[in-house]
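Peer 1: Each protein sequence line maps, in turn, to chains A and B.
When we follow the numbering used here, the leftmost residue of the first sequence carries the number -16, and every step to the right adds one.
When we follow the numbering used here, the leftmost residue of the second sequence carries the number -2, and every step to the right adds one.
Calculated directly from the structure, the hints in this document are not laboratory data.
Treat the hints with care, as some may be off.
Each computed BS3-like pair below joins lysine-lysine, with the alpha-carbon atoms no more than 30 Å apart [what the hints assert, rightly or not]: (1) B:K15 with B:K243; (2) A:K123 with B:K201; (3) A:K136 with B:K243; (4) B:K279 with A:K169; (5) A:K136 with A:K169; (6) B:K279 with A:K75.
Using C-beta positions, here's what the derived DEER-type ranges look like [what the hints assert, rightly or not]: (7) B:V126 with A:V202: 21 to 27 Å; (8) B:K24 with A:P193: 23 to 29 Å; (9) B:I131 with A:A201: 31 to 37 Å; (10) A:L205 with B:W274: 51 to 57 Å; (11) A:G209 with B:K24: 20 to 26 Å; (12) A:N151 with B:F263: 16 to 22 Å; (13) B:I360 with A:L105: 52 to 58 Å; (14) A:D102 with B:I269: 28 to 34 Å; (15) B:W274 with A:V86: 26 to 32 Å.
Residues on chain B that point at chain A, a partial pick, calculated with CB under 8 Å [what the hints assert, rightly or not]: (16) W33; (17) L46; (18) A58; (19) G281; (20) I360; (21) L363.
Each residue gets a CB set at the ideal place from its N, CA and C atoms; glycine is no exception.
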Amino acid sequence: MGASPSTATRPTPGGLSWLLRAVVLIVLAAAVIAPVTAAFAGQASSGQLFFYPCTSCHPVNMVPGPGGVEHPSKPLPNGMQGHKIVLEAHDKLGSATSDACLVCHDDPSRNPGKLKLIDGTLIDITGDISLVCYRCHEAKYHEFRQGTHGNHKESCVAAGCHDPHTPNYLYAGPVKPFVGVGFQFKGVGQARVPFKPLMAPPLPPPTVNPTWFLIAVAVGLLAFLGLLIRLVGPVVVERLKR
Amino acid sequence: MAMTEPTTPQPGIKRFIKIDWNVGALKAASPRYWSWVGMLVIMTTLGVLAWVVVLTTGGNAMAQRDNFTWGMWFADYMFYVGLAAGGLVVYASVHLFGAEQFRPLSRLAVLMAGLLTMIALLGDLTDLVRVWRIFWFVVTPNISAIFVYTGSAAGFYMVLCFVDLWILVTGVGGEKLAFRMTLIALPVAIYLHTTTAFVLALNKSRELWNSAVMVPIFLTSAVASGVALLLICAYVLQHYHVLEFKKSMFRSLATLLATVIITDLFLLVVEIATVYWPTAAKAGHTLRFSEFMTGPYAVQFLPVLILGVIAFSLLAGRKTRHIPAIQITASALYVLAIFFKRYTLMSMGFAIGPLGQTQAPYIPSLVEALIAIGLLSMGMLFFTLAVKILPLRVPEEEHAEAGAWELAEATGEPVVEPGVAL
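Based on the sequences and whatever the hints tell you, model everything.
Peer 2: Okay, here's the thing in structure tokens:
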């Protein structure tokens, strides 16, 4: 049984050419993915690895101490000074070397992996951080909860939009089909300005009125005017005579 | 409630669906009456032509655009639905609370309520552009959309008003059925006005609409403007000897109007105070409202306050309140104020969009304006014809029967046949 002419004449791909094609593809893919991986390993605006879970390096757990008072299992070695966080927008809270950290974070002698809520209770840093934002940004928090701000993201920070330390930096997810943690960009300028509406949209196109319609309206209005004169004319004339 | 059959055969009166239609009154009508009818027919025709333009050229004949998605039709819808409330309040007060002084107004009030709801609904249809889409609205309603509820409520309310008018005019079922109809109509009317207010109040992304006080303020505005329009119409019909009313009826109506106006103004001031209260003010909220206090939309909103305060001031004095000219002026001012209010209310959702973009004030296009005027003219045309041929006078025996029913003391209005030459 003979092979068909088409299959008989097709050249069998050689092992070397197949390898070459694979290498070229891998190189191209690496060239494209490289910036993304750089973003993954890149620095956030704060100079640190952005959105890196604190607890992976600082597994601070509260353990019961003498007299029933809890204390951290492993206190931070340098307090809050271990990181050089840049508070570009949140510098209003104070400098990074002052008590600014303590506005949101629990005391370093205890567990900075815990964040403070408005009523003084603490939540885990992996919990709903938007509740921390609520302390100062009440209106925005409500808009966020309603979905009118934040496009129904699950969180304000981390996997949401804002860098918690410099909230004017925004997080953007990786572009498909690449996976990763995305990248940051400066979404809001440094200058603090009051709320200002966006620029008005372009003017809408003019409305369309067909010519026949305009003529009909003109004729109709003339007829209306004639009847109006007929209706009120005698009354006016009579009053003028008086 | 007795049937309104003519005691003696009269030329020109035709009986149809148990109603004595005084067609002969049209033949005997004066040239001035027909001039008025002609004017209304012309404006109605122009409205129909404008609608044809929309049907043939599409929505670009309207000034409504992506950022101002609702326009004149919605302002009119709120306005007319609100005006219809006045009729029901007066009608309900007769049958539920025994306010016999308003009984002569009952048929007129129900007629106005039905016609106003009708033109409100027709305005909705014209906005659909492809009007046959109403079929899908009925067949596959989106039950999470509040428009389904207000639209269906308006349709039901309109039918209810016309059935009610038929019952009142024919006397079928007597006072007992009229009373039961009121028990149905009153909750339906409240439901209609509540759902209409909910169309706005449930929009959480439109800050100035998203207010809990929207429903009560909508109801008070509706009742105030409705009673004011009823008062004006009653005076006009009395002037042309179509109907006759006692002075005490107008006094009661004016007192009721003054009470509702001050309640309405109070709620509006409360809303403004909530927005601007220093410890509660939110930047976005006050900025949006400032567009209506000092910005380009102030020409729409400030007349609401100015006209409203003037109208109340006119009616506030006990001595001046009972002067017909004062009553008519105050009523006209408040109807106008509520029109501005409805127009402003429509604009409040769009003046600054959810993204913070400021919009130029919406001005209806020629087509939209003519559709609105056409619908109003059509309503007035039906009203003009109805007051001529329908027996809107409440006969004397009806008062007597009402007295026997122990709802209230009979007042004894003189029986005059309908259709007196205008």
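Peer 1: Does each hint fit the structure? Answer for all of them.
Peer 2: How the hints compare with the structure:
A hinted pair counts as satisfied when its Cα atoms are at most 30 Å apart, and K15 (chain B) with K243 (chain B) qualifies at roughly 29 Å. For the proposed pair K123 (chain A) and K201 (chain B), the alpha carbon gap of about 14 Å is at most 30 Å, so the pair holds. Pair hint K136 (chain A) plus K243 (chain B) does not hold up; C-alpha atoms about 65 Å apart against a cutoff of 30 Å. A C-alpha spacing of about 26 Å is found between K279 (chain B) and K169 (chain A), which places the hinted pair at or below 30 Å, so the restraint holds.
Between K136 (chain A) and K169 (chain A) the alpha-carbon distance is near 19 Å, which keeps this suggested pair within the 30 Å criterion. This hinted pair checks out: K279 (chain B) and K75 (chain A) have alpha carbons roughly 21 Å apart, not beyond 30 Å. Distance hint check: the CB atoms of V126 (chain B) and V202 (chain A) are about 26 Å apart, consistent with the given range 21 to 27 Å. Against the hinted window of 23 to 29 Å, the Cβ-Cβ separation of K24 (chain B) and P193 (chain A) comes to about 39 Å, which falls outside the hint.
Between I131 (chain B) and A201 (chain A) the Cβ separation comes to about 32 Å, which falls inside the hinted range of 31 to 37 Å. For the hinted restraint 51 to 57 Å between L205 (chain A) and W274 (chain B), the CB-CB distance of approximately 54 Å keeps it satisfied. Against the hinted window of 20 to 26 Å, the Cβ-Cβ separation of G209 (chain A) and K24 (chain B) comes to about 23 Å, which satisfies the hint. Taking the beta carbon of each, N151 (chain A) and F263 (chain B) are about 44 Å apart, not inside 16 to 22 Å as hinted.
Taken as a hint, the range 52 to 58 Å holds for the pair I360 (chain B) and L105 (chain A), whose Cβ atoms sit roughly 56 Å apart. At roughly 32 Å, the beta-carbon separation of D102 (chain A) and I269 (chain B) lies within the given 28 to 34 Å, and the hint holds. Between W274 (chain B) and V86 (chain A) the beta carbon distance is about 28 Å. The supplied range of 26 to 32 Å therefore holds. About 6 Å separates the beta-carbon of W33 (chain B) from the nearest beta-carbon of chain A, less than 8 Å, and the hint is met.
The interface hint given for L46 (chain B) holds, since its Cβ lies 5 Å from the closest Cβ of chain A, which is under the 8 Å cut-off. With a cut of 8 Å, the hint placing A58 (chain B) at the interface with chain A holds, because the nearest CB-to-CB distance is about 5 Å. Here the hint on G281 (chain B) is kept, as its CB sits about 6 Å from the closest CB of chain A, short of 8 Å. Evaluation of the I360 (chain B) hint against chain A yields a violated restraint, the C-beta minimum of about 10 Å exceeding 8 Å.
Among the interface hints, the one on L363 (chain B) holds; its C-beta lies about 6 Å from the nearest C-beta in chain A, closer than the 8 Å criterion.
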